[in-house]
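Participant: These are the residues of each chain, in order.
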Amino acid sequence: MRFRTAAAAALATGLLVPAAAQAQTPEPSYPEPSNPGKVAPKPSGKGKTRTVCKQKRCAFRTIQAAVNKSKKGDTVRVKDGTYREAVRIDGAKKSYVKLVGNTRNPGKVVLEGRGGKQNGVFVNGADQVTVRGFKARNYSANGFFFVNVVGYTARDLIAEKTGVYGIYAFNSKGGTMRDSEAYYTSDAGFYIGQTPAQVRPIRSIVTNIESWGNPLGWSGTNMRYVTITDSRFYNNAVGLAPNALDSEKFPPAEDNIIRDNEIFWNNFNFHEGAPFKIPTEGTATLAPVGTGVLLLGGRRNVVEDNEIFGNYAVGVAAIEGILLQDNPQARALEGNIVRDNRFGLNGTDLNGRELGYDGNGAGNCFAGNTGVSVTIPADGSTLVPCPFTGANTFSAEAQGQMLLLAGKASVPAWIKHPHAPKAGYEPLELYTK
Amino acid sequence: MPKPSTTRRSFFGLSAGAAFLCTIGGQEVRLDDPDAARKADALAAQVKRPPGAAPQDELTFPTPEPQPGGRKREYWIQARTRGWDVAPSGRDDWHDRRIRGKRNFRALVYQLMKPGFAAPNGPPVIPGPTLYAEVGDTLVVHFRNAADTLGQALTMHPHGVRYTPDYDGVYLGEHTRVGGFVAPGEEFTYTWEATPDSVGVWPYHDHGPNHTLNTFRGAFGALIVRERGAKVPDVEQVLFLHALTPPVTGLPRAHQAINGRTAAGNTPTIQARVGQDVAIHVMGMDDEFHDFHIHGHRWKDPAGTFVDTPAVGPNETITARFVEDNPGRWLYHCHVFSHQDGGMAGWYMVSP
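Chains A and B are the protein sequences, given in the same order. For the first sequence, the working numbering assigns the number 82 to the initial residue and increments by one for each residue that follows. For the second sequence, the working numbering assigns the number 175 to the initial residue and increments by one for each residue that follows.
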């Protein structure tokens, strides 16, 4: 959810946000987006395996050296240890490469980024690369980053305290993120963004991930064809935020499905303290602290069958893509569906408000959600049942109310309820060492 | 894999039309043996994505919406391969005998999924999920080609409903429209209309570059369109009559199958009670003509004539609909003798 000047200017005047003109942090440098094109053909045969460890017995002492020797379809196995590297897997010649650490205990194969290294593993233009069984920490940009690829597998990964995102796929078609965790990143734990529009899309499947302690559990700027399921988003400022921004191509977010997840306790007010570099400008600062799911613009996104509880601002909020200035045609919410979600854990762990919608756009509807009592607007007039076609009824008052919740301005407007205990989880609202 | 001998195949195999031709990527393939199927797959995997519509094919069509009062019926369906046992019980209950020899082959099936392909929503079986609509509805089918190992484009092509060329789901060489070539990993959303003349029970099946072989492998299912508010039968069963032949399965003999299984006890056992409104929909899904007989029962054909063994051809549907009045254990079967003896039969159990 990178976000820069144009939207910042618009927001500085329109929203209650901290001064947007704070000192700029240096932008991580990314390769130019290029068309991921068609998937590279699968190599025949099994490929070679190269082993990396810190001891003399291994042919390779650095992961990068083994990757450099690898051809299409080869495997690099990395033994337990700490590797102070920024691994690059670059170009079509590295398609189908498998980079495998400790899949049972990813925390034992640590990629250490301290000292200004940008990405733990960076995959550019190499299709169908698999990265499994690593923990990346302290990188200035991302833990695991896939860009300009058709297909990838990110599995059994941990990202900790990375400067922007934990696990990130950009300008790519299709891919799998699963069985992974990200926490204490400076922007979003997980992120798929700028997905090119496709006639016969290749879907990205995200399953069994855990994202906590981030400004955003999931960011999805201009993301498409993503299914997020069977995952947990908690103790972030915002759980998930499919959104539309000018700063990346192809707005807005479209055709995504968020179903069967647990989205709870997203009340982490990182503005007051965090174990990571606290962002002071950019969209992450605008994330309305205390929100489960935020649809900021977008088309045909479906939020269904989720368990949503203990988010003090609002469980699911949908608002016009107000940050889009250069792409006014993509601002309107269209055909989004919020249905069959269960709010408030049977009344034992209520959200501050269950639903909020400003009535922007057309064909947006709400159906079968249980445990809904407090909404924006209060009379629920924008929350029309499904199926619904035609224009929704816009409520300037509702939009105004929702804008007042931007960033940490939401905190005074929280409606707090006690949490139900949840085994293995502790609520995080204010970080203390 | 040992090559089946002509003698073993001569009866079951040839009677099931084992030697057939299919055309893939402009080349004719004679599918006489399992190796030819492999060659057909290799050819199909090489079929390139069509370059795009020719000028005369450049008509564009809007995606239809449901009629007033109708609704979108959304399905998420993936095509995938799986190992498939043609007779899990290992027995033919009717003849009370063991079914000998290898029974497993690699089938291609349609599987119902949860929205977004988040998880399975039904088993991967032959036939694929039955799709339901009423007149005025649209069927919105999100189809995903998850048969990665097959490495070829697949589609879903429906019968009976109305669709524009984009949603035909047919590979047409260089004239192929958008829904006629869904490569591995890709998905495509078909929108089909249930018009008044769609009322009935119809098949859907693969119609990609390798459609004959893939349909014979199990890539088919049914869709049922009813009048708005029409009564749903108390008992409703779809039966596909089809042969699983050695060229398709690599098995040593042909199995005459119903819904992918052979012999009573493996084929569907239909349950009903006296007084119930029963509908059994029967479709042919191979190279043969069949007929369909239920012991102890008669019903009217569309012309109003009482029948008990109507004929049914490839992709044709007949429906046996009656009010049950005759309790007992009954046999149903194709009455083409070589088919019934090869396993195209099942039980119909009626309680008083």
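FYI, nobody ran anything at the bench for these hints, they're computed from the structure. Treat the numbers as computed from the prediction; the structure is a model and nothing was measured. Backbone N, C-alpha and C define an ideal beta-carbon position, used for all residues, glycine too. Hints may be right or wrong, so weigh each one.
[To be verified] A short, non-exhaustive set of chain A residues, derived as facing chain B with CB atoms under 10 Å:
#: 1; residue: V120
#: 2; residue: P124
#: 3; residue: T308
#: 4; residue: N337
#: 5; residue: I339
#: 6; residue: D341
#: 7; residue: V455
[Claimed, not checked] Derived lysine-lysine pairs resembling DSS-like cross-links, with alpha carbons at most 25 Å apart:
#: 8; chain 1: A; residue 1: K123; chain 2: B; residue 2: K405
#: 9; chain 1: A; residue 1: K153; chain 2: B; residue 2: K222
#: 10; chain 1: A; residue 1: K137; chain 2: A; residue 2: K123
#: 11; chain 1: A; residue 1: K127; chain 2: B; residue 2: K276
#: 12; chain 1: A; residue 1: K123; chain 2: B; residue 2: K222
#: 13; chain 1: A; residue 1: K174; chain 2: B; residue 2: K222
#: 14; chain 1: B; residue 1: K222; chain 2: A; residue 2: K119
Participant: Indicate, hint by hint, whether the structure satisfies it.
Facilitator: Hint check:
Because the beta carbon of A/V120 sits about 7 Å from the nearest beta carbon in chain B, less than 10 Å, this interface hint is met. Using the Cβ-Cβ criterion of 10 Å, the hint placing A/P124 at the interface with chain B is not satisfied: the shortest such distance is roughly 13 Å. A least Cβ separation of about 3 Å between A/T308 and chain B falls short of the 10 Å threshold, and the interface hint therefore holds. For A/N337, the interface hint holds, since its Cβ comes within 10 Å of a Cβ in chain B; the closest pair sits about 8 Å apart.
At about 8 Å, the closest approach between the beta carbon of A/I339 and any beta carbon in chain B falls short of 10 Å, and the interface hint on this residue holds. For A/D341, the suggested interface contact is upheld, since its CB lies about 6 Å from the closest CB of chain B, less than 10 Å. Interface hint status for A/V455: violated, as the beta-carbon distance to the closest one in chain B is roughly 27 Å, over 10 Å. Distance hint between A/K123 and B/K405 is unfulfilled; the C-alpha atoms sit about 51 Å from each other, more than 25 Å.
With a CA separation close to 22 Å, the supplied pair A/K153 and B/K222 stays within the 25 Å bound. Between the alpha carbons of A/K137 and A/K123 the distance comes to roughly 33 Å, so the proposed pair goes past 25 Å and is violated. This hinted pair does not check out: A/K127 and B/K276 have alpha carbons roughly 29 Å apart, beyond 25 Å. Note on A/K123 and B/K222: the hinted pairing holds, with a Cα-Cα distance of about 15 Å set against a maximum of 25 Å.
This hinted pair checks out: A/K174 and B/K222 have alpha carbons roughly 22 Å apart, not beyond 25 Å. The hinted pair formed by B/K222 and A/K119 meets the criterion: a straight-line CA distance of about 12 Å does not exceed 25 Å.
In terms of the numbered hints stated before, the structure departs from hints 2, 7, 8, 10 and 11, listed from lowest to highest.
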